[in-house]
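Visitor: Here is how the chains run, residue by residue.
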Amino acid sequence: DTEVTQTPKHLVMGMTNKKSLKCEQHMGHRAMYWYKQKAKKPPELMFVYSYEKLSINESVPSRFSPECPNSSLLNLHLHALQPEDSALYLCASSQSGPGNSPLHFGNGTRLTVT
Amino acid sequence: AQTVTQSQPEMSVQEAETVTLSCTYDTSESDYYLFWYKQPPSRQMILVIRQEAYKQQNATENRFSVNFQKAAKSFSLKISDSQLGDAAMYFCAYRSAVKAAGNKLTFGGGTRVLVKP
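If you read the protein sequences in the order shown, they are chains A and B.
According to my numbering, the first sequence is numbered sequentially starting from 23.
According to my numbering, the second sequence is numbered sequentially starting from 183.
In isolation and in its complexed conformation, chain A is listed as follows (with noise of 0.2 Å):
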């Protein structure tokens, strides 16, 4: 079972359409993370949290709105999507300080936008 659940699984949306990717984790975490996933690529960092404040965007465009309301919950907004955005997108979780802690993932919810 993962520690990091995300939801929904699946979605599949219009271009018009405002819909929220949600992420939690209760393992005490203070770094949570958006990826990317394109098929048979790696994941593409988009955002990290720390502490709940932004603290890295990777020049992702405005139609993806990151929100940390809490340290265990992590949501991305999603307006005004483009086909081309359809993809994995996974949310990851960490300690804050160790740079050898690792990122547990979530199972990712996959996006269609059409």
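It is worth saying that the hints were derived from the structure and are not from the lab.
Cβ atoms here follow ideal geometry from the backbone N, Cα and C, with glycine treated the same way.
Nothing false has been slipped in among the hints.
Straight-line alpha carbon distances no greater than 35 Å define the calculated DSBU-like cross-link-like pairs of lysine-lysine that follow: (1) LYS40(A) <-> LYS286(B); (2) LYS62(A) <-> LYS237(B); (3) LYS62(A) <-> LYS255(B); (4) LYS31(A) <-> LYS298(B); (5) LYS252(B) <-> LYS75(A); (6) LYS252(B) <-> LYS60(A); (7) LYS255(B) <-> LYS63(A); (8) LYS252(B) <-> LYS63(A); (9) LYS255(B) <-> LYS75(A); (10) LYS44(A) <-> LYS281(B); (11) LYS62(A) <-> LYS75(A); (12) LYS237(B) <-> LYS281(B); (13) LYS281(B) <-> LYS60(A); (14) LYS41(A) <-> LYS286(B); (15) LYS75(A) <-> LYS281(B); (16) LYS62(A) <-> LYS286(B); (17) LYS63(A) <-> LYS281(B).
What follows is a set of in silico ranges between Cβ atoms, one per label pair, in the way DEER data are often shown: (18) THR27(A) <-> ASP213(B): 29 to 35 Å; (19) ASN244(B) <-> GLU74(A): 32 to 38 Å; (20) GLU192(B) <-> GLU66(A): 18 to 24 Å; (21) ASP263(B) <-> ALA61(A): 28 to 34 Å.
Knowing the structure of chain A, use the given hints to seat chain B on it.
Guide: Chain B alone, transformed into the frame defined by chain A:
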């Protein structure tokens, strides 16, 4: 910026035999961390093994071991006694120890491992 390269898109291994996956990285830093992650068809990324650059001893986790060559910037993964459940995509990843770099994890392109019964 650091880069991670996995030169083998796909590797095939007979069940119970050994396979080695290669990974090289480029960095100007002296302190960093290296990881191997496994991603089966279930999609979840699972940590296989990790190595601290300051440690000379190669990490080992059951049937998984690494050959860390710091001077050569090489970090290969050996899977011994391969099992059907080892079939997955394997990603090598780099993480800086510099605090200002944040918690960024940089992945290689991945190697698909096929296990033949």
